[in-house]
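Chains as they are written, first to last, in the numbering used here: chain A, 1 to 284; chain B, 1 to 60.
Think of the hints as simulated: they come from the structure by calculation, not from any bench. It is possible that some hints are incorrect.
[Unchecked claim] Label-pair restraints from in silico Cβ distances:
1. A:Pro81 x B:Arg56: 17 to 23 angstroms
2. A:Ala29 x B:Arg56: 26 to 32 angstroms
3. A:Glu255 x B:Arg56: 15 to 21 angstroms
4. A:Ala278 x B:Arg56: 18 to 24 angstroms
5. A:Ala9 x B:Arg56: 26 to 32 angstroms
6. A:Gly213 x B:Arg56: 35 to 41 angstroms
7. A:Leu35 x B:Arg56: 20 to 26 angstroms
8. A:Ala70 x B:Arg56: 17 to 23 angstroms
9. B:Arg56 x A:Asp195: 16 to 22 angstroms
Glycine included, C-beta positions come from ideal geometry on N, C-alpha and C.
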Amino acid sequence: MNVDAAVLAGVAEQRRVGTTHRLTGDYAAAETTLLAAIAAASDAFGDGDVSVAVLRNDLAIAYKYAGRLAEAESLYWQALPVLEDVLGPASPWVATVLHNLGGIRHAQGDLAGAEQVARRGLEIRVALGDHDLAVAADRAALAPIVDGLGRLDEAEALLRQALAVFVAELGADHYEVAVALHNLAATAFRRGDLDEAEATAHRSLHVRAAILGPDHPELASTLNNLAAIHRAQGRLDTAADELRRALDLLTGAVEATHPTLVAVRDGLADLEVRAASAGVLVPK
Amino acid sequence: MNTNKSNTNRKRVLRNVAVAGTATAAWVLTLAATPGVASVVAMWDEKSNHNETLLRPGRP
Numbered sequence: 001m002n003v004d005a006a007v008l009a010g011v012a013e014q015r016r017v018g019t020t021h022r023l024t025g026d027y028a029a030a031e032t033t034l035l036a037a038i039a040a041a042s043d044a045f046g047d048g049d050v051s052v053a054v055l056r057n058d059l060a061i062a063y064k065y066a067g068r069l070a071e072a073e074s075l076y077w078q079a080l081p082v083l084e085d086v087l088g089p090a091s092p093w094v095a096t097v098l099h100n101l102g103g104i105r106h107a108q109g110d111l112a113g114a115e116q117v118a119r120r121g122l123e124i125r126v127a128l129g130d131h132d133l134a135v136a137a138d139r140a141a142l143a144p145i146v147d148g149l150g151r152l153d154e155a156e157a158l159l160r161q162a163l164a165v166f167v168a169e170l171g172a173d174h175y176e177v178a179v180a181l182h183n184l185a186a187t188a189f190r191r192g193d194l195d196e197a198e199a200t201a202h203r204s205l206h207v208r209a210a211i212l213g214p215d216h217p218e219l220a221s222t223l224n225n226l227a228a229i230h231r232a233q234g235r236l237d238t239a240a241d242e243l244r245r246a247l248d249l250l251t252g253a254v255e256a257t258h259p260t261l262v263a264v265r266d267g268l269a270d271l272e273v274r275a276a277s278a279g280v281l282v283p284k
Numbered sequence: 001m002n003t004n005k006s007n008t009n010r011k012r013v014l015r016n017v018a019v020a021g022t023a024t025a026a027w028v029l030t031l032a033a034t035p036g037v038a039s040v041v042a043m044w045d046e047k048s049n050h051n052e053t054l055l056r057p058g059r060p
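Here chain A stands alone, though its shape is the one from the complex (with noise of 0.2 angstroms):
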């Protein structure tokens, strides 16, 4: 093995290993690993080769879900120059960026933004005849942006697609499916389908819960949910339980300004008034 041959290995070890700490909720460690990836890569190829822009792209994905969405954001536009440059500009690789772009758009708020490049992404992708997978993950993403736009038709369709490709391609336990239903979920509570909604966030939670056990953070988005749905059926107990639940899941592993934590923190604070209101004790 020559000595650029590897260099590669090296950083593909730490990618494979950064990556898997993404994946079980360690982001610190992804952090460092990644890290150490890029500047082995940017030393040995120079920063603006593709290896260290691929390393970015899976940084800014770690730093996504630690809640550090402005860094995310500024590794993402620093790669995606590269990325069409090398490979074109309508690559996979670049539907890719634009992909996780949208997705940063999307939990700073930014919903016509996030729509922007995430459709950009998905054209690129349908243009080129991708994978159905591949196109599948793209119109999943997209969903949660068109039904905070307020297109819950849409977005109900976009999901219905995505659903039945991930079903059929990768069975019907796979992440891919648990976070289509977490979404699905969620329009059905805002079309006050209560226990539509209810079923299907649970069968969301189940899901995921059997692939990343019961403490990973990544659970907490779904308890968030299934708490508004129970708070919308009186259940002010359970969702409780719930909030204060996902809040131990987050406490420590994301930033202090991270959507869910934040969102999670907001629907503790009105469960509380509304409790105060009523006389009753929230549990603790």
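Assemble the complex: chain A is given as a structure, and chain B must be docked to it using the hints.
Coordinates of chain B only, in the frame set by chain A:
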């Protein structure tokens, strides 16, 4: 190391490798030693494709 050459080599492989397409799909690592390509690594395209709607108090 010539970055342009490095990128050209990897560009060829990246275009020829069916990348995983979803964040949780199996990651792909390919180290190859082929004529004209000293060493390459094909990296799967990692997406944070899990945008999630967060329901907030007071919303429908």
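Each hint tested on the structure:
Judged by the Cβ atoms, the range 17 to 23 angstroms given for Pro81 (chain A) and Arg56 (chain B) is violated: they are separated by roughly 36 angstroms. Here the CB-CB span from Ala29 (chain A) to Arg56 (chain B) is close to 31 angstroms, well matched to the stated 26 to 32 angstroms. Checking the proposed 15 to 21 angstroms range against Glu255 (chain A) and Arg56 (chain B) shows it holds: the Cβ atoms sit about 19 angstroms from each other. The given range of 18 to 24 angstroms is respected by Ala278 (chain A) and Arg56 (chain B), whose C-beta atoms sit roughly 20 angstroms from each other.
Between Ala9 (chain A) and Arg56 (chain B) the C-beta distance comes to about 46 angstroms, which lies outside the given range of 26 to 32 angstroms. For the pair Gly213 (chain A) and Arg56 (chain B), the supplied restraint of 35 to 41 angstroms is violated, since their beta-carbon distance comes to about 27 angstroms. Judged by the Cβ atoms, the range 20 to 26 angstroms given for Leu35 (chain A) and Arg56 (chain B) is violated: they are separated by roughly 34 angstroms. Separation of Ala70 (chain A) from Arg56 (chain B) is about 22 angstroms and conforms to the stated range, judged on CB atoms against 17 to 23 angstroms.
Evaluation of the 16 to 22 angstroms hint for Arg56 (chain B) and Asp195 (chain A) yields a pass: the beta carbon distance comes to about 21 angstroms.
Hints 1, 5, 6 and 7 from the list above are not met by this structure, while the remaining hints are.
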